[in-house]
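Residue numbers (numbering that gives the first Met the number 0), protein chains in the order written: chain A, 0 to 325; chain B, 0 to 710.
Treat the hints with care, since some could be wrong.
Said to hold, decoys possible - BS3-like cross-link-like pairs, simulated, lysine-lysine; straight-line CA separation at most 27 Å: (1) 1/A x 127/B; (2) 37/A x 588/B; (3) 287/A x 588/B.
To be verified - Partial list, derived from the structure: chain B residues whose beta carbon lies under 10 Å from chain A: (4) 382; (5) 581; (6) 630; (7) 641; (8) 650; (9) 652; (10) 708.
Everything labelled a hint here was simulated from the structure, so no lab data went into it. For glycine and all other residues, C-beta sits at the position ideal for the given N, C-alpha and C.
Residues per chain are reported as follows:
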Amino acid sequence: MKQFQYTKATSPQGVLEAISKPGTKIIAGGTNLVDHMKHGLIAPDKLVDINHLPLKGITPTKSGLHIGTLALNSVVSENALVLQKQPLLSMALKAGASPQLRNMATVGGNIMQRTRCTYFYDTIMPCNKREPGTGCGAMEGYNRMHAIFGASGQCIAVHPSDMCVALAALDAQVIITGKKGEKRMPFTDFHRLPDDHPELDNHLAKDEMILGVEIPDNNFAKNSYYLKVRDRQSYAFALVSVAVGLDLSGGTIRSARLAMGGVAHKPWRLFEAEKFLAGKTATEDNFKQAAQLAMQGAKAYEYNAFKLKLAPAAITEALKHASGIV
Amino acid sequence: MENIKKRKASATEGLDRVDGRLKVTGKAKYSAEYNTKGLVYGVLAGSTITSGTIKTIDAKAAENAPGVLAVYTYLNSPKIPGYQDPPTQPKGPFRIFDDNKIYFNGQPVALVVADTFERAQYAATLIKVAYDKASFQTDLKSNISAGVSPRNGKDYVKGQEDAYKTAPVKIEQEYILPTDVHNPMELHTIIANWDGDDKLTVWDKTQGVLGTQRSIAQAFKLDPKNVHVISPFVGGAFGAALRTWQHEIAAVMAAKALKKPVKLVLSRAEMFTAVGYRPYTWQKMGLGATPDGKLVGITHEASGQTSMYEDFTEGTVNISQLMYACPNVNTRYRLVSLNVNTPTPMRGPGEATGAIALECGMDELAYALNMDPIDLRVVNHADTDPQTGKPYSSKFLKDAYQLGADAIGWKNRNRKPASVTENGWLVGYGMGTGMFGAYRGAATVLARLLADGTLDLETAVTDIGPGTGTAMTNIASEVMGVAADKISVKIGDSALPPSPTQGGSSVTSTVGSAVNDACVQLKEKLKELSGTAEGGNLSYAQILQAHNLPQLEVTVTSKSSPEAAKYAMYSWSVHFMKVLVHPTTGVVKVDKAVSVADCGTIVSPKTARSQIIGGTIMGTGMGLMEEAVIDHRYGRLVNNDFANYHVPIQADIPQLEALFVNKPDPYINPMGAKGMGEIATIGVAAALANAVFNATGKRVRDLPITPDKLI
Numbered sequence: 000m001k002q003f004q005y006t007k008a009t010s011p012q013g014v015l016e017a018i019s020k021p022g023t024k025i026i027a028g029g030t031n032l033v034d035h036m037k038h039g040l041i042a043p044d045k046l047v048d049i050n051h052l053p054l055k056g057i058t059p060t061k062s063g064l065h066i067g068t069l070a071l072n073s074v075v076s077e078n079a080l081v082l083q084k085q086p087l088l089s090m091a092l093k094a095g096a097s098p099q100l101r102n103m104a105t106v107g108g109n110i111m112q113r114t115r116c117t118y119f120y121d122t123i124m125p126c127n128k129r130e131p132g133t134g135c136g137a138m139e140g141y142n143r144m145h146a147i148f149g150a151s152g153q154c155i156a157v158h159p160s161d162m163c164v165a166l167a168a169l170d171a172q173v174i175i176t177g178k179k180g181e182k183r184m185p186f187t188d189f190h191r192l193p194d195d196h197p198e199l200d201n202h203l204a205k206d207e208m209i210l211g212v213e214i215p216d217n218n219f220a221k222n223s224y225y226l227k228v229r230d231r232q233s234y235a236f237a238l239v240s241v242a243v244g245l246d247l248s249g250g251t252i253r254s255a256r257l258a259m260g261g262v263a264h265k266p267w268r269l270f271e272a273e274k275f276l277a278g279k280t281a282t283e284d285n286f287k288q289a290a291q292l293a294m295q296g297a298k299a300y301e302y303n304a305f306k307l308k309l310a311p312a313a314i315t316e317a318l319k320h321a322s323g324i325v
Numbered sequence: 000m001e002n003i004k005k006r007k008a009s010a011t012e013g014l015d016r017v018d019g020r021l022k023v024t025g026k027a028k029y030s031a032e033y034n035t036k037g038l039v040y041g042v043l044a045g046s047t048i049t050s051g052t053i054k055t056i057d058a059k060a061a062e063n064a065p066g067v068l069a070v071y072t073y074l075n076s077p078k079i080p081g082y083q084d085p086p087t088q089p090k091g092p093f094r095i096f097d098d099n100k101i102y103f104n105g106q107p108v109a110l111v112v113a114d115t116f117e118r119a120q121y122a123a124t125l126i127k128v129a130y131d132k133a134s135f136q137t138d139l140k141s142n143i144s145a146g147v148s149p150r151n152g153k154d155y156v157k158g159q160e161d162a163y164k165t166a167p168v169k170i171e172q173e174y175i176l177p178t179d180v181h182n183p184m185e186l187h188t189i190i191a192n193w194d195g196d197d198k199l200t201v202w203d204k205t206q207g208v209l210g211t212q213r214s215i216a217q218a219f220k221l222d223p224k225n226v227h228v229i230s231p232f233v234g235g236a237f238g239a240a241l242r243t244w245q246h247e248i249a250a251v252m253a254a255k256a257l258k259k260p261v262k263l264v265l266s267r268a269e270m271f272t273a274v275g276y277r278p279y280t281w282q283k284m285g286l287g288a289t290p291d292g293k294l295v296g297i298t299h300e301a302s303g304q305t306s307m308y309e310d311f312t313e314g315t316v317n318i319s320q321l322m323y324a325c326p327n328v329n330t331r332y333r334l335v336s337l338n339v340n341t342p343t344p345m346r347g348p349g350e351a352t353g354a355i356a357l358e359c360g361m362d363e364l365a366y367a368l369n370m371d372p373i374d375l376r377v378v379n380h381a382d383t384d385p386q387t388g389k390p391y392s393s394k395f396l397k398d399a400y401q402l403g404a405d406a407i408g409w410k411n412r413n414r415k416p417a418s419v420t421e422n423g424w425l426v427g428y429g430m431g432t433g434m435f436g437a438y439r440g441a442a443t444v445l446a447r448l449l450a451d452g453t454l455d456l457e458t459a460v461t462d463i464g465p466g467t468g469t470a471m472t473n474i475a476s477e478v479m480g481v482a483a484d485k486i487s488v489k490i491g492d493s494a495l496p497p498s499p500t501q502g503g504s505s506v507t508s509t510v511g512s513a514v515n516d517a518c519v520q521l522k523e524k525l526k527e528l529s530g531t532a533e534g535g536n537l538s539y540a541q542i543l544q545a546h547n548l549p550q551l552e553v554t555v556t557s558k559s560s561p562e563a564a565k566y567a568m569y570s571w572s573v574h575f576m577k578v579l580v581h582p583t584t585g586v587v588k589v590d591k592a593v594s595v596a597d598c599g600t601i602v603s604p605k606t607a608r609s610q611i612i613g614g615t616i617m618g619t620g621m622g623l624m625e626e627a628v629i630d631h632r633y634g635r636l637v638n639n640d641f642a643n644y645h646v647p648i649q650a651d652i653p654q655l656e657a658l659f660v661n662k663p664d665p666y667i668n669p670m671g672a673k674g675m676g677e678i679a680t681i682g683v684a685a686a687l688a689n690a691v692f693n694a695t696g697k698r699v700r701d702l703p704i705t706p707d708k709l710i
């Protein structure tokens, strides 16, 4: 890879100053960024290491749980507060990557990770995300892992994260700092659909950084489930994954949260299915109906048509697990 | 079956791997770790097109990059002396930097050498190559009709051709196995260090130091004695290091031109295009039987892919000629030349692919007959070799079926597919048989007893992982009565007495025999010295001391006897799988696996068990997840890394049981031991596919069996 400069940041303010200059990238766990550099996808002039900043904390707030951007995926997944209040997040984290990667990867880095579309990774192949205007290699290529929701004529890549699917389902907020100060963004609004700008993964401006996420308290802890369907039992990206949080009272669903991974350019929240389930009894039949509602607008390509069957099956299965029917 | 002694290798039985501690503590030094003084680093740049010619190469930026010593391409590379002779065959091994032709995507077009690995790697990205593109084919499925009979290859016919079609009960099905890649953990590596113009040392990842010595000597027109090849530890190979590849030739060339030691380690992506793979293969199986299950005819067709420049053939269809007693057997084998690199043998070469068609076919036939799959196999058991009529040197396959059936709980199998569930998952049982020739070649071993009573064993063979050193120690300890911890083994060096390449499940048989014979001779010499038949009560050390000998040494060459040629010699395996399949998501989990090997005496129980387990895991990858995918629009691989090319990980593998019949083969060698490396994998994928059918009623004939194929 190209030679680059390396500096250690001493404050978020220092990071913001550093990234205001072009060619500068933030490095935290480096589990994705370093791959990009090795593959020649990016060649930054300078890396700002933020690992030393005090942004690792996992702390309760008045109405939720705050997780610092530098909290390690492995640490979050085993944290007592997370396990008690938001077990869905722990389940999703443990379904992701490998123990070695989770020991390095941070929450902020996980949110910022880019698609694993193989056309994006191979600089010889066309890819509008990597190099706008070159075309989409996957559209008529090997698109088994690709999107069935929200794709555009420019890009059919999917977001690879498991953690983000849980955070989307849990109504998390992303806490962002920039020159204009701190702001909050609903997690479901953070990532973008590809539209005409697949090179942009999310709405974080170039001169902003993530400080952490906050998950509002909820009643889903007892009835949460993360189902990941994949080609092997660990260290494989999702063919389809489903995050479910149910607020159950007796057999009745007071409210439901559902999101899918492996199906879109962003964690795919299933609002229609949630609406349908609210007030219904937890039965397999209702789950199947919710799953069908969730599939509206789905569109498949040559190699991923199986997802049209797999996704509703996975939604139903995840709901069964969450509600204790399985 | 009562009298079979069930011998289960447990963790407490037999010697620990003699180099196990070195390996797990990082003290075992692999080829890439010999950091010779003045070492420089080579990195290859690969073609980005799939077929055509190189128009221009602009290497200026790379040459001017920091630390770069040289950039070699076909334009400026010193000629490889051995390449200058006119070729004796129309096709042959790819010759690196020999001309401007591109045969496959990823073909090396340049070698950058720099003072650090990172600098070489960066400079390699700066090379600009312009090509004239030509049309290409990389898809076997759409080119099956272009298949040709390999050179000297005749279709095999015994009895009537296509006789299965006349049988009262028959099946006819097609099967696809995609390209599987060896992917050993250790990347292929060479360090080449010349001493003057006509002598060099190489530290190399190879399955045979003498094979590498020969290849390098030929390419550079050297006396083989002047090529010293060292490979004391090999981190897996599975066939990928059977031959000398072009990156090795390139490194030797660059080291000579630069007069510096050059290290070249392939990247994981290059492991997919530089060192062979199991070829994409289409197969068609026709099986016909009488209503009571007696086979009437077997017809097995296969088309495998090879490169444009070289024919690679393997015994894909041979297993159908050899496995069952059947009056009419015919096979057809075709090669399809594509714009890909040449395949190479991968564990159970040919047979592992062929067993998918034969053993899935037998399962399909058993269903057509409404018969138990084991009963069908027993009914068609071959009591003599179906090809030659020769008696077997030993065969206890029926015992193996019984051992495995008991261990997996075959009696719990419900013949009706998709009829059993456990906790919401469909349950299925399946089995598959494997076989592979049992060989014994020639090897020379030096055995040296020292005055302190310790024993040294030396021979050139490499250990690619099965535990060759451990097996040698076991054999010597047993023959000599010397404790294992008093025996040291030196292997993996071309300067040691000659022994063959590690491959074809033949090393324990071949080298083990030489160890045995050397130890027997040594013992005889000791008896002579002591003057009594049993050496009296003197220890070996005392005998040497009594004669004032610092050591006693024999070098013995051992090979197969003519007597052995009277017999057909094979090893057999039976693999049993219990799988769970999720009815709506299609996820397959291996719940239990039992592999039984009938491969003569087990000389090293612990490493034998490891070898069977490793082979079963490799077969599990073949059955459930491995597939190298090419985007045929570009002719380029799209999953050439460990994130996207899936091999089984711990979570995919349940407790595997490895069982051994453990009855000696009286003819093959003094130990009675036959090979087990290949049979560990052959038949596993079929057992999985058959178990998945039993679980779901879905017959997946194009491997791997991923969830999408079951929903």
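Evaluated hints:
1. 1/A x 127/B: Given pair residue 1/A, residue 127/B holds - Cα atoms ~16 Å apart, limit 27 Å.
2. 37/A x 588/B: With a Cα-Cα distance of about 34 Å, the restraint between residue 37/A and residue 588/B is violated, given a limit of 27 Å.
3. 287/A x 588/B: Status holds; Cα separation ~25 Å.
4. 382: violated, 41 Å
5. 581: holds, 8 Å
6. 630: holds, 5 Å
7. 641: holds, 8 Å
8. 650: holds, 4 Å
9. 652: Status holds, d = 9 Å.
10. 708: holds, 8 Å
In summary, the structure is inconsistent with hints 2, 4 from the numbered list given earlier, while agreeing with the others.
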